[in-house]
Amino acid sequence: MKKFLAVFWMFALVCGLAFGKGQADMGVPIYTEEKPAVLFVAKDGNITDEPFKSMVTAFREKNPHAVIRHLGIDISDGGLSAMIAYVAAGIRPLYKDYAGRVGAFKVEEYALNLSPYVDFSDYYPDVLETVTVDGKVLAIPLGGQYCVMSVNTTILEAAGFDPARCQNWSVDDFLEMARLVRDNTDKTPLAFFCNNQSADYLYSHVLTWFGADMYNDDYTESNLLAGGAGLKAFEMFKLLYDEGFIPRESAVLGAGDYLAMFGRGEVAAWCGWVGWNENFRRQRVENEGVAWWDFDYVPYPKAEGVEKAPLFMQNHFALAPRSDYITDLKNDIRRPKDAELDRLYAELAVALRDAEESTYAQNSYSVRKSLALAGLPEGLDAEEVARHREIVAANGSWDWGLSQMTYSTIRKELFPRLQALFAGEETPEEALETYVENVTRILAEAKIPWIEQ
Amino acid sequence: MRRNLLLPWVLLAPSMLLFAVFSAGPIVLMVQQSFFRTNYILSLFVGLKNFAAIARDELFGKSIVNTLKFAAILIPFQTLVPLVIALVVVNARKWLQDYTRFAFYAPAFASGIIVATVWQWIFHPTEIGLANYLLGLAGAEPVIWFGRQMTAIGAICIIILTTYIGSYVLIYLATMMAISPELYDAARVDGATWMQVRFRVIVPMISPTIGLVMIMVTISAMQIWALVFLLTNGGPNYGTTTMMFNIYEEGFLYQRYGYASAKSFILFLTILALVLAQQRFRGLQQGFRL
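The listed protein sequences correspond, in order, to chains A and B.
With the working numbering, you'll find the first sequence wraps up at 453, consecutive numbering, no jumps.
With the working numbering, you'll find the second sequence wraps up at 290, consecutive numbering, no jumps.
Please keep in mind that the hints were generated in silico from the structure rather than gathered at the bench.
All clues stand as given, with none of them false.
Computed list of lysine-lysine pairs in DSS-like fashion (alpha-carbon distance at most 27 Å, straight line):
#	chain 1	residue 1	chain 2	residue 2
1	A	Lys-412	A	Lys-232
2	B	Lys-49	A	Lys-412
3	A	Lys-232	A	Lys-187
4	B	Lys-62	A	Lys-412
5	A	Lys-238	A	Lys-187
6	B	Lys-62	B	Lys-49
7	A	Lys-62	A	Lys-337
8	A	Lys-238	B	Lys-62
9	A	Lys-136	A	Lys-369
10	A	Lys-369	A	Lys-53
11	B	Lys-69	A	Lys-412
12	A	Lys-232	A	Lys-308
Put together the whole structure using the sequences plus the hints.
Encoded structure:
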C-alpha cells in the first residue's frame with residue numbers, strides 16, 4: 001500500500017510539472033484582420049430590446065465588415081464569473097452592466113481609453129470621475145438609479161405616526177415610528193434581510209444616517225472608523241435587531257422572503273429602487289382586486305449634526321476592451337495594438353450610449369447635460385421619478401465604491417458581520433473593526449481578477 | 001493459455017478507463033494545478049506559493065474547524081445509529097426488515113435540492129416551519145435554526161442523518177444476513193440472551209463492515225457541500241463554511257483554480273490521513289484482542 005501511494009504521488013507530481021500549462025497556452029482570438037468580430041455582453045433584457053437592435057443596425061450599416069456577436073448573461077453575481085471566463089478565454093467582450101460588476105474590468109490593463117474616440121464634454125464631471133483612471137476615461141456612463149427609502153403610509157397612520165414627519169426626519173423620529181409600529185400593529189418597522197450580499201441596499205443605508213464615509217480619498221482603506229459615525233451605525237444595527245425593529249430572522253432571510261413581505265404590505269419602511277412599490281401594488285390589485293396600502297418616498301433619517309444622508313446608488317456603464325490587453329503573465333507579452341478593433345469597440349460603445357435613452361428614462365438621474373426627462377416608459381410614474389430626484393438633489397449619492405474594481409468582493413463582507421452581530425458573537429465595535437480590516441485588506445490586495453499576480 | 005491471461009484485462013478495461021478518466025485523472029490534475037496559478041487558459045508556475053497562502057488563510061482555518069465539528073457529530077452517529085437499527089431488525093420478520101430497508105432508504109431517492117427544500121420548510125425560522133410549530137405547541141419560542149452556528153450545524157447534521165442513514169442500514173443488514181444461522185442457534189443453545197446474541201456474536205462478526213462504514217462516513221463528512229450551499233450559504237458568519245464549500249467558493253466564485261486545487265489537495269491528504277489512522281487504530285484493536 002505504501003509503495004503504491006509513493007509511486008502514485010511521484011507519478012502525479014511528475015505529470016503535473018511536465019504537463020503544466022505555461023505561457024504558450026493562450027486564448028485563440030475570435031477575429032481576423034479581414035473580418036473583425038465584436039462580442040457584446042449585457043444582461044438578457046438589453047439584448048432583445050428595440051434600442052439595442054436599432055443600435056446594432058446603425059453600427060452594421062457603418063461597419064459592414066464587422067461581425068457582432070451578442071450574449072445575454074445572468075444578472076446575478078454569477079455574471080462576473082462569466083465575464084472573467086470570457087476574458088480568460090481570450091475573448092474581448094464589450095460590457096454593458098452595472099458598475100459593481102463592470103468595475104472589476106475598469107483597469108488600464110484591460111479597458112480601452114475612450115477619450116480619443118468620444119467627446120465627453122456633455123457629461124457631468126462627477127459622473128465622469130467615477131470612470132476615469134489616471135486621466136483616462138475607461139467607460140461610458142449610461143445612467144443610474146438611486147435607492148430611496150419609502151414608507152407605507154397606511155401602516156404609519158394605523159400605528160399613530162404622522163407620515164408627514166418622515167419628509168425631513170431624524171434618527172430619533174425614525175425610532176419613535178419604529179416603536180409605534182412594533183407596539184401598535186403586527187407589522188415590521190424596517191425591512192432588513194442579510195443572508196447574503198444581494199440585498200445590501202436594504203441595510204447599507206444605515207451607515208449614511210450617521211454621515212459615515214466608506215473610503216478615504218484614494219480608496220486605499222476604509223474610513224468607517226474615523227469620527228465615530230461607523231460605530232454609531234453598527235450600534236444602530238444592533239439596536240434595530242434587539243428592539244425588534246427589523247425581522248428577528250433577518251440574518252437568514254433573503255430576496256424571496258422580503259419581496260413577498262413588501263407585496264403583502266407588511267413592512268412600514270424599506271429602501272428600494274424606483275418603480276418597485278408601484279409594481280407591488282399593481283400585482284396586489286391584479287391578484288386580489290385591491291391594494292390596501294399606500295406609500296410615499298422619503299429621505300433617509302439623519303442623526304443629530306448630520307445635514308445630508310446621501311443615497312445608495314447604482315449606475316450602469318459600457319466598457320470596451322483594448323486590443324493589446326495583457327494576455328501572458330510570464331514574459332508580459334502584449335498583443336500588437338489593433339487600431340481597427342479599438343475603433344470598432346469604441347464606436348459600438350458610443351452607439352450604445354446613444355441607444356440608452358430608454359435605460360436613462362427608467363432611472364432617476366442623468367449622466368449627460370443634454371438629456372432631458374422626457375418620454376417615460378409606460379408604467380413609470382413621472383411624479384414618482386420627480387420625487388426621487390428631489391430627494392437625490394437634497395442629499396446626493398453615497399460613495400459605496402460601486403465603480404471600484406473591488407466592489408464585488410467588498411460587498412460580501414458586511415452581511416457576515418451583521419450575522420455575527422445579531423447572533424451575539426460580536427459586539428458592534430468588534431464587528432466594525434473586523435469589517436474595516438477586511439475591506440482595507442481587499443483594497444490592498446486589489447488586482448485584476450482574471451489574472452492572479 | 002494466452003487467452004486466459006488477456007481476458008481479465010479485457011473485462012477490467014472499461015472500468016479502469018472510467019476510473020482513469022473520472023477519478024485518477026482529476027486527482028493528477030488537481031495535484032498539478034496546486035502548483036500553478038491558473039484560470040485554465042493562462043497558467044503560471046508558482047511552486048509552493050499556494051500552500052504558503054493557505055497557511056495564512058484564516059477562513060480556510062475556520063472551515064477546517066467547522067468540518068471537524070461536522071465530522072465529530074456525524075462519524076459516531078452515522079456509524080452507530082444504523083448499526084443499532086440493523087441489530088434490532090436483523091432477526092425480525094421479513095416484512096419488518098423490508099419495511100425498515102425501504103423506510104430508511106427512501107429519503108436517499110430524492111435529489112439533494114428536494115431534500116434541502118423540504119428541510120428548509122421544516123427549519124423555517126418562523127412558526128411556518130414544522131420544527132418551530134412543534135416547539136410552539138410545547139410553549140417554546142421559535143428558533144432561528146440557521147441563525148447561529150451551533151443550531152445550524154445541528155440542523156444540517158439532522159438532515160444528513162435522516163436522509164443518508166438508509167445506505168448504512170442496508171450495508172449492515174446485508175452483512176448480518178450473511179452470518180451463518182448456525183452461529184445464532186449455537187449461541188441460543190448456550191443460553192445467550194437477545195442482547196448477548198447481538199453484542200457477543202453479531203457485532204464481532206461484522207466488525208470489518210463497521211470499519212468500512214466508518215471510513216465511508218468519514219469521507220462523506222469531510223465533503224459536506226450541497227446542503228451548506230443550499231441552506232446556509234456557509235453562514236451565519238461563516239459558521240457552516242466547510243472545507244468543500246470554501247474550495248467551491250475559491251474555484252467557482254473567485255476563479256482561483258490553482259489555489260482551490262491546493263486546498264483540495266490538503267483536503268485529500270486530510271481524508272487519507274484520517275482513513276489510514278482509523279485503519280491503524282482498528283488494526284491495533286484487533287491485535288490487542290488476539
